[in-house]
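Keeping their order, the protein sequence lines are chains U and X.
According to the numbering used here, the residues represented by the first sequence are 1 to 208, in order.
According to the numbering used here, the residues represented by the second sequence are 1 to 208, in order.
Don't read these hints as lab results, they were simulated from the structure.
Glycine is no exception: its CB is placed at the ideal position from the N, C-alpha and C atoms.
Certain hints may be false.
[Stated by the list, open to error] Under 10 Å between C-beta atoms, here's a sample of chain U residues computed to sit facing chain X:
1. 40
2. 42
3. 181
4. 208
[Said to hold, decoys possible] Heads up, simulated PhoX-like pairs for lysine-lysine below, C-alpha to C-alpha not over 25 Å straight-line:
5. U:37 / X:16
6. U:127 / X:37
7. X:125 / U:59
8. X:127 / U:37
9. X:37 / U:59
[Said to hold, decoys possible] To be clear about the criterion: a stretch of chain U counts as covered by chain X if any three or more of its residues have a C-beta under 8 Å from a C-beta of chain X, and this derived list gives those stretches:
10. 25-37
11. 115-127
12. 159-168
13. 174-180
14. 188-194
Number of protein chains: 2
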Amino acid sequence: MMATRIVEPEAGPRSKRAAILAAAVDCFGETGFEATKWSTVAERVGIGQTALYHYFESKTHCLLTIMRLELQRSHDKFTEATADVADPVEALRAAVRAAYDVSDQEVLQMRILQNHMDLLSGPRKSKREEAERVAARQLVQLVERDWTNLLVRGMSQGAFPLRDAQLLGASVLGLIVSVWRWYRPSGPTPLSEVGELIEGACVRMVAT
Amino acid sequence: MMATRIVEPEAGPRSKRAAILAAAVDCFGETGFEATKWSTVAERVGIGQTALYHYFESKTHCLLTIMRLELQRSHDKFTEATADVADPVEALRAAVRAAYDVSDQEVLQMRILQNHMDLLSGPRKSKREEAERVAARQLVQLVERDWTNLLVRGMSQGAFPLRDAQLLGASVLGLIVSVWRWYRPSGPTPLSEVGELIEGACVRMVAT
DNA sequence: ACCTGAGCCAAATTCAATTCAGTTTGGATG
DNA sequence: CATCCAAACTGAATTGAATTTGGCTCAGGT
């Protein structure tokens, strides 16, 4: 059972798919998924409500797509950031820094992702929704493995004390993403400051 | 602006309020809030769907009530656990242990709480919903203060190195509650094991 | 015997999401 | 150029879960 990376629909030159996703990220991220009317997204894009169904099977299908894309990005970024860093502690630091090196748009996407992680547990009724859900689920596991492997490497190499890498990996990841629940770009604390504190915290958690 | 602790409705002898809350916790916790039909909760309790409105203004009002009750419990438990522990490190350990000393029912409530924390940001339309929301919001801040104060105490006492206590408090709390997103009583890892790992992680995060 | 309010229900209503039954449009094809 | 066709779109129903409406019932107090 190979991980099947979903093929992004062809970018037809007149397609408003990207515009819809962008508008949806804004709405879902600021107003909340349940609270935003699907028709409002249509308005923002400048099309009728029913035109949305040309691109997405449902409001939830759109949400799941946003979540999958963000997970894909997270995984890719982790991989890129740690690729050529040999020292486990430095790799950990690089991974954490990469996790907080995001645009305002991506902050919203992370918020959406965190707020609806529970959608990924149960199965969905319609085909395409279920496809996105399974893909997202798989990416979650990939990302968890990313962090766990980093710890395993560090432990076997003697850089980190031996502990349950699975559990510790999930915890580190949980700590990192917990920020997206409260962080606001407009808030008093700059993301860089948050990142630095968390980076230190992660290292101490793992490496002491 | 004093925190106004909501007065729990009188427990009329025929009242099914508690039964509804219990059923709702089961449904919302296992199936998810959005996915469970309000009428299903009614069935479980053995009353008609519209009878629910005698006790709660809306499905969301019930959810907010569950969240508030759980927050109240968390705060009370923290207070009790740390009350007579002078040493900051030991107090921290006690607080973490208390956080994971929960029944299966309470696990569900914590899951519900975490999955819908975002409801607390925006205002609600109806009176009683908004009252619960504000109360819950206030309790969140109380709990955050609980943890932050613990850290401040430890820092000023020289037990913990000086760091941004606000931020670190939020992070510790974030780490602790992140467990409720994935933990299942039926899962392979016993909660005691999780608690021990997190306890150690928190101490290292804060005290190193 | 009567009154009152908590507790309850069946039927009607609402409103956002979704489906239906097509209509437009731009580019490729003959 | 005329034609075709798939992508893109639309206004008018439909659906379904949450909620509102308008009463009914029963237990305890007077």
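Against the structure, the hints come out as follows:
Interface hint status for residue 40 of chain U: violated, as the beta-carbon distance to the closest one in chain X is roughly 15 Å, over 10 Å. With a cut of 10 Å, the hint placing residue 42 of chain U at the interface with chain X is violated, because the nearest CB-to-CB distance is about 21 Å. Hint on residue 181 of chain U holds. Least Cβ distance to chain X is approximately 6 Å, under the 10 Å limit. A distance limit of 10 Å between C-beta atoms decides the matter here; for residue 208 of chain U the minimum to chain X is near 5 Å, and the interface restraint holds.
Under the criterion of a C-alpha separation no larger than 25 Å, the hint pairing residue 37 of chain U with residue 16 of chain X is inconsistent with the structure, at around 34 Å. Distance check on the hinted pair: residue 127 of chain U and residue 37 of chain X sit about 22 Å apart at the alpha-carbon level, within 25 Å; holds. A threshold of 25 Å between alpha carbons decides the hint, and for residue 125 of chain X with residue 59 of chain U the separation of about 23 Å falls inside it, so the pair holds. Distance restraint check for residue 127 of chain X and residue 37 of chain U: the Cα-Cα separation of roughly 22 Å lies within the 25 Å cut-off, and the hinted pair is therefore satisfied.
Using a Cα cut-off of 25 Å, the hinted pair residue 37 of chain X and residue 59 of chain U holds, with the two alpha carbons roughly 19 Å apart. A count of 4 residues in the stretch 25-37 of chain U with a Cβ less than 8 Å from any Cβ of chain X is obtained; the coverage claim is therefore met, three being the minimum. With 6 residues carrying a beta carbon less than 8 Å from a beta carbon of chain X, the stretch 115-127 of chain U meets the three-residue requirement, and the given coverage holds. Coverage of the stretch 159-168 of chain U by chain X holds [criterion: at least 3 residues with CB-CB distance below 8 Å; count 4].
Given as covered by chain X, the stretch 174-180 of chain U passes the check, having 5 residues with a CB less than 8 Å from a CB of that chain where 3 are the minimum. Counting residues of the stretch 188-194 of chain U whose beta-carbon sits less than 8 Å from any beta-carbon of chain X gives 3, enough to reach three: the coverage restraint holds.
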